[in-house]
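Residue numbers for the sequence shown follow the numbering used here, so the first one is 162 and each next one is one higher.
Derived from the structure by calculation, the hints contain no laboratory data. Accuracy of the hints is not assured; some may be wrong.
Said to hold, decoys possible - Straight-line C-alpha distance at most 30 Å; calculated DSSO-like pairs for lysine-lysine:
no.	residue 1	residue 2
1	K348	K273
2	K933	K868
3	K299	K265
4	K414	K593
Values in this document were obtained by computation on a predicted structure and should not be read as measured data.
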Amino acid sequence: MLTSLSPLPSTADNAPMIAALAQLSVPEQPSEPLFAILHQWLQQQLHAPHFLLIEGEPPQLRYKGSDLDSHSLLAEDGLVNYLMKGRSPLNLSQAELVARQMNKQVQLTPPKPQAWLGVPWCDADNGSGAIVVFCTDKHRYSEQDQRLLKQFSGLLKQALHTRSVRQQLQQLRQQQQQVDRQLAQQKTLLSVQHQIASLSRQLLPLDQLCQQFHQQFKRLLPCNNFYVALMDQERRQLQFPYMVDEFQHKLHKRRPLGNGLTEYLLQRAEPLLLDYQQRQALIDEGLAHEIGHCAQSWMGAPLINDDNVIGAVVIQDYHQVGRYSDDDLQMLSYLAQHIANVIIIQQAHRSLSETQQALEGAVNERTQALQHEIAERRRIESQLRHDNLHDHLTGLPNRALLLERLDQLFAQRKRCADFNYALIYLDLDRFKMVNDSLGHLTGDALLMQVSTRLKRCLRGSDTVARLGGDEFAVLLDNLHDSQDAMITAQRIHKMLSQPFLINNEEIYSGGSIGIAYCDDAYNSPQEILRDADVAMYQSKAKGGRQPVVFTGTMRQAAQVRLRLETELARAIEQDQFEIHYQPVWRLDNEQLVGFEALVRWRHPSKGLQLPAQFIEVMEETRQILELDRLVLQKTCQQFADWQRKYPRMARISVSVNLCSEWFSRQNSLDVINSILKETRLPPESLRLEITERSLLGQHEQASIVLKQIRRLGVRLAMDDFGTGYSSLNYLHRLPLDIVKIDRSFTCQVHTEQRARDVVQAIVHLANALNMKVNAEGIDDIRQIEILRNMGCHFGQGFQLGRPMAADNVPAFIAGKNTKS
């Protein structure tokens, strides 16, 4: 087993893998045997009897290394699709596999794996893909196995990318060769045309002139059987001034007009290309008679002058079917016009001059078109190289080019210890709010104006890059004083504080800035980029008022944050979250009407954690979606069980909070409907709560989703009303049943007249919209009477009942009046 993963050492054990990857990057090498070698190497390193390579969207098996059924491996609810959707490495033991199947996250198909390890990738250069190893015997992959597979996936992805690039280069070379052949053919055609033009100036006998035509045709295509026929209208005859035929050695100068193929061609006055069957069909239909030996391929073009058909030029082959193509026919027709002009001696010089100019123009145009195509192809290649290293929106260097530039400064620093540089990491403030409230076009315009201002703040040798989203980086090189970076950062901060004028509207953004100075302790560009990012988040935590320089203690804080994110991911995986329930009362008759489900985290070492200690992190990492689904599943199952066991709870509802991300999910309705059906909880017993802030910038989408949920029979409530940005114009459009007054108003209702006025206004508004009102945070008995007199329907808070564990709910219910 390898002990170092970055990079993989060039040991004898790794030699077959390295050699196979090197060969895999060569397009001429067949990939299947090389994948088999890599599979064998993986088997030696980490016990991988089954090895899958997946590429593309939707996923396709590039290699599977066994006779397993491809359809089942790529099933929609299978492990591969689960891995690709998650876009994160998965290391699953047999117990974890069974747990995911029981949670209906995946469906395991025979042969069922006992251990399963997968590493996905998705980027602009390599597209999406993954590698997977698994075994059906008793085994478990370690974290070291996962790191090894991740390192190996990077090498394999790079080899596949190199192979793809080389294949593209081969295609370009083939296209270049095709262009060269076309140019050569055009050159030959131009030469033939020139020779025919020069023949028009020579007063040769007609048969010798036609012989010269024949010689020129031989330069373009095979024509061992060739003749020229001319019309003699007065005598109603065909004249043959020139004929070469392997079956007809004696030249017949003339013959009466009949019903042969030549006459058929003259009547059509159009070029004609026939194979044996087509020729025989004409004979069978009586349109032509057979004269002479039957050819397998026959091609002719009329000689036309001033719209009058004066003859024909014919080429035929007696042995090969399909000898000539439509392009050959087009070329024959093209040259037949010149032959006609030469034969008409009286008009030869004038017609030939005009035709030659037209032909030269056409050839030059085609040549220019080909040259333009070549130049355009080279421009596209150059543009592709540029696009790979630059942001498509702002035109600034991207992360890849920034890291490349950092590599150069690393090398320069090693050569000259006095060379100093610094990296500034910038994140725009309120950018998401601009995007959500004013639209993505306005957000894009803001990013473009920011990039323009950044470039004006810097020297010509400095590099400004867009890292993605609303994040930028500025690389300052050849610094003479460490304060130079701080001065530049403060100048940028001041610039960002100025308003941006977009669509005649002033927009204020600002930014959080972190600075990391060069240090010999850094081993890679990614490390200084990481530390500048950490410093930026410290600036953001302080309100973004001043740039922050990275220190060692910041890395420790970042590690604590990373550890919390990891623990939360593990908490979801190991089901460490539990639900507590706070009672909701009807204020006019003190009747229990429901509970609100509140999530708690049972930390293995820290004990019970409240939402304030982890919800914000889960929202930032988008783990909140999975947490919401977990809470909804548990709550519905628990209440359904209670209602079946305690019939008097049938009239009690339960409220579950949902985050804003549910309104952008395509399957929100399906998830809720599926949970209701699975748990058999009546929809009218469930109340979903949303906050005003979750509607910001997506009122229309939220209205659509909420109406769909409401049609299921689920009731809806707006939480924390009065603290967000809801527009009354949108409030009446939402299918809400209940408005919840935020505790910031409730806690002052017995002491502050302003708070009472706000609450009374909310009650009046809710009544006008046919909605009920629920007051949160009732912590004083005086608040109950005031709220009841105002017409507030429901209430909850510590004065009415603290949140309790699920095990305590039945005992709490036992003595309570639940009658309506």
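Verification of the hints:
no.: 1; hint: K348 / K273; result: violated, 66 Å
no.: 2; hint: K933 / K868; result: holds, 18 Å
no.: 3; hint: K299 / K265; result: holds, 23 Å
no.: 4; hint: K414 / K593; result: violated, 89 Å
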